[in-house]
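A.B. asks: Single-letter residue listing:
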Amino acid sequence: MGIRLHAVSHVYQSINQPPFEALKNVSLTIQATDEFIALVGETGSGKSTLVQHFNALMAPTSGEAQLFDVTLTAETFKDKKIKKTPIRKRIGLVFQFPEYQLFEETVLKDVAFAPKNFGLSEEAAIQKAKDALRLVGLDESFEARSPFHLSGGEKKRVSIAGILAMEPDILVLDEPTSGLDPKSQEMLMDVFTSIQNRTHTSIVFITHDMNWVERYAKRVLVMKAGSLVFDGTPHALFQRPELADWKMDVPDRFKVMQYLKTHHSFKDPVTTPDELIDAIIREGQS
Amino acid sequence: MKNIVIGRYIPGDSFLYRMDPRVKLIALFLLFVAVFVIDELWVMVGALAGILVLLPLGKISIKKVYFGLRPLLFLLIFTFVFQILFNTQGRLLTTLVLDFDPLNVSLAGLIFIAWFYGKRWTSFTFLSFLLALAAILTVLSQVTFLRSFGGYTIAIYEEGLFFAVFILLRLVIIVTLSTILTITTKPTDLNLGLERVLKPLKIVKVNTEEIAMIIGISLRYIPTLLDEANKIILAQASRGVDFQEGKFKEKIVQIISLLVPMFIISFQRSDELANAMEARCFVPGKPRTRLNQLTWKPLDTFVLVVSLVLMVASIGVRILW
Chain A
1 MGIRLHAVSH VYQSINQPPF EALKNVSLTI QATDEFIALV GETGSGKSTL VQHFNALMAP
61 TSGEAQLFDV TLTAETFKDK KIKKTPIRKR IGLVFQFPEY QLFEETVLKD VAFAPKNFGL
121 SEEAAIQKAK DALRLVGLDE SFEARSPFHL SGGEKKRVSI AGILAMEPDI LVLDEPTSGL
181 DPKSQEMLMD VFTSIQNRTH TSIVFITHDM NWVERYAKRV LVMKAGSLVF DGTPHALFQR
241 PELADWKMDV PDRFKVMQYL KTHHSFKDPV TTPDELIDAI IREGQS
Chain B
1 MKNIVIGRYI PGDSFLYRMD PRVKLIALFL LFVAVFVIDE LWVMVGALAG ILVLLPLGKI
61 SIKKVYFGLR PLLFLLIFTF VFQILFNTQG RLLTTLVLDF DPLNVSLAGL IFIAWFYGKR
121 WTSFTFLSFL LALAAILTVL SQVTFLRSFG GYTIAIYEEG LFFAVFILLR LVIIVTLSTI
181 LTITTKPTDL NLGLERVLKP LKIVKVNTEE IAMIIGISLR YIPTLLDEAN KIILAQASRG
241 VDFQEGKFKE KIVQIISLLV PMFIISFQRS DELANAMEAR CFVPGKPRTR LNQLTWKPLD
301 TFVLVVSLVL MVASIGVRIL W
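From first to last, the protein sequence lines are chains A and B. Note that my numbering gives residue 57 to position 57 of the first sequence, counting from 1, and the numbers run on in steps of one. Note that my numbering gives residue 292 to position 292 of the second sequence, counting from 1, and the numbers run on in steps of one.
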């Protein structure tokens, strides 16, 4: 088993604000192989706090988080004898903004930073970095460039490569597609799929775009005001009447369906885009 | 990192919050003068007592002020120890003869190691450190097992002790007063207050508005940059940086991995801020109106008079005593 959270709550204590409960009694399990999970929810619903519990950057204020063979609670988190770094190697977390992590003078060095920290030799780390850069679609010409002179999308890819290079068992991505053009978004999502097909890496990604959820995710987690309100397949999610209450959209295909239903008394139940096209053609002919 | 209080405004309501920022600044200045003029220990103790009364009256928890002092704890202890050890003026109060022999030095070492590894189980790190220090000094001075191979005499002189306590109190008072100011004043109000207080300097062609704005923006961005630093630490921790450990060489890499993004983000933020200001048609030096006008209340007159009296009194005490 990869990640198992049991009744996890997290309260932010601040000196100039009242305590804020960002996670309320969240329990979930994420397998170490072949999961493809979308984590959705409106801004401030606790998604980012949740993923920081996945790789031991944060500890539950109450409840416990089992990350592979390490169990973290509020008490054991403080224990320096329990090393957090090995967990972070197995569960890689990519933050939303690449600016917070790029610092080396070349792209290649920056991507090799993580594998080097986890004890690989210089050459091995460089090799892993090169492989990771190819994966995210950056060719050799980028390797010697400064990460600060790249475009927003390229920085994003470098930061993702920086985590891919350490070959985690579970890959957690905080809005991997934000700030990218549609084509790059699709390309990156396909990269994640192909990584999974090859190495069975479990993937968790935060997103706001329901089209990605429908196309890629096998499982969806919905957060609302710190609670986990839904855990199931995308298909089951889009049938749920509470969607609007969760401030959630449906994929474009569903909107087309809805339109056809109300304006053209369209009845056929369809599940895939191809079926939708077929149904529209049939409706047109009759 | 989240508990750093310097420059942070903490919402609340009391007479300290309702005071005019101009008055707060002038009063702070007057009280600073008073604190620097005082040269009698009992007056200084009285001043500290006054502040300790002021805090609950102004509904500011002492804990928050302590958080403000904590980053300076090292500086405070350092000046204190320095004064006690090296100031040799005045009457000799007491001496402590330390004898070093292999056995009692190792015993002292053991006590230190016990404290060092035991401190994680107690929440009173500092208190337990003082206890351990006292124990070490006792062992070194009282117990001699073997022939000593050297000795050191700690001599505490009257002046040394006096100045140690005195400077400690002065620093604590100054930091506490400034912490009270930033805790109770919104950055915008502080900015406006500064601008108005500095206004007379305009006669000698000092660009007071810009100075006020620079100070205001700096204070405003301290908590923001601390939050950014926190995010960078998390992002680098995800890439295997263990900020709690590492040899010297690794420590350097860790610090670089924090400082470089910090620098870049600071420049980005200032760039964004400049753009945002320009988008709102900000022109330096142009007369500006305010949403909230400052109003002078009887409370302000009262506070101003009290701090003026305190300053005059402390000067008076200095001259006449």
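Mixed in with the good hints, there may be bad ones.
[To be verified] Incomplete in silico selection of chain A near chain B, CB under 7 angstroms:
id: 1; residue: 57
id: 2; residue: 85
id: 3; residue: 88
id: 4; residue: 93
id: 5; residue: 99
id: 6; residue: 101
id: 7; residue: 114
id: 8; residue: 117
id: 9; residue: 118
id: 10; residue: 142
id: 11; residue: 212
id: 12; residue: 216
id: 13; residue: 259
[As the list claims (entries may be wrong)] Distance ranges between label pairs, derived from CB positions:
id: 14; chain 1: B; residue 1: 207; chain 2: A; residue 2: 105; range: 20 to 30 angstroms
id: 15; chain 1: A; residue 1: 194; chain 2: B; residue 2: 211; range: 30 to 40 angstroms
id: 16; chain 1: B; residue 1: 217; chain 2: A; residue 2: 275; range: 33 to 43 angstroms
id: 17; chain 1: B; residue 1: 135; chain 2: A; residue 2: 124; range: 32 to 42 angstroms
id: 18; chain 1: A; residue 1: 181; chain 2: B; residue 2: 62; range: 17 to 27 angstroms
id: 19; chain 1: A; residue 1: 187; chain 2: B; residue 2: 271; range: 26 to 36 angstroms
These are calculated hints, taken from the structure and not from any lab test. Cβ atoms here follow ideal geometry from the backbone N, Cα and C, with glycine treated the same way.
A.B. asks: Could you run down the list of hints and mark each one as holding or not?
C.D. replies: Cross-check of the supplied hints:
1. About 5 angstroms separates the beta-carbon of residue 57 of chain A from the nearest beta-carbon of chain B, less than 7 angstroms, and the hint is met.
2. Here the hint on residue 85 of chain A is kept, as its CB sits about 5 angstroms from the closest CB of chain B, short of 7 angstroms.
3. Using the Cβ-Cβ criterion of 7 angstroms, the hint placing residue 88 of chain A at the interface with chain B is satisfied: the shortest such distance is roughly 6 angstroms.
4. Among the interface hints, the one on residue 93 of chain A holds; its C-beta lies about 5 angstroms from the nearest C-beta in chain B, closer than the 7 angstroms criterion.
5. For the restraint placing residue 99 of chain A at the interface with chain B, the shortest Cβ-Cβ distance is roughly 6 angstroms, inside the 7 angstroms limit, so the hint holds.
6. Against a cut-off of 7 angstroms between C-beta atoms, the interface hint on residue 101 of chain A holds, since the closest Cβ of chain B lies about 4 angstroms away.
7. At a threshold of 7 angstroms, the smallest CB-CB gap from residue 114 of chain A to chain B is about 4 angstroms, leaving the interface hint in force.
8. At about 3 angstroms, the closest approach between the beta carbon of residue 117 of chain A and any beta carbon in chain B falls short of 7 angstroms, and the interface hint on this residue holds.
9. Among the interface hints, the one on residue 118 of chain A holds; its C-beta lies about 5 angstroms from the nearest C-beta in chain B, closer than the 7 angstroms criterion.
10. Interface hint at residue 142 of chain A: violated, since its Cβ lies 19 angstroms from the closest Cβ of chain B, which is beyond the 7 angstroms cut-off.
11. Proximity of residue 212 of chain A to chain B is violated relative to the hint, the smallest CB-CB distance being about 22 angstroms (cut-off 7 angstroms).
12. For residue 216 of chain A, the interface hint is violated, since its Cβ never comes within 7 angstroms of a Cβ in chain B; the closest pair sits about 23 angstroms apart.
13. Taking 7 angstroms as the C-beta cut-off, the interface hint given for residue 259 of chain A is violated, the closest approach to chain B being about 39 angstroms.
14. The hinted window of 20 to 30 angstroms between residue 207 of chain B and residue 105 of chain A is violated, with their beta carbons roughly 39 angstroms apart.
15. Judged by the Cβ atoms, the range 30 to 40 angstroms given for residue 194 of chain A and residue 211 of chain B is violated: they are separated by roughly 58 angstroms.
16. Distance hint check for residue 217 of chain B and residue 275 of chain A: the Cβ-Cβ separation is about 58 angstroms, which falls outside the suggested range of 33 to 43 angstroms.
17. Look at residue 135 of chain B against residue 124 of chain A: about 50 angstroms separates their beta carbons, and that is not inside 32 to 42 angstroms.
18. Judged by the Cβ atoms, the range 17 to 27 angstroms given for residue 181 of chain A and residue 62 of chain B is violated: they are separated by roughly 54 angstroms.
19. The hinted range of 26 to 36 angstroms is satisfied by residue 187 of chain A and residue 271 of chain B, whose Cβ atoms lie roughly 30 angstroms apart.
Hints 10, 11, 12, 13, 14, 15, 16, 17, 18 from the earlier list are contradicted by this structure; the remaining hints agree with it.
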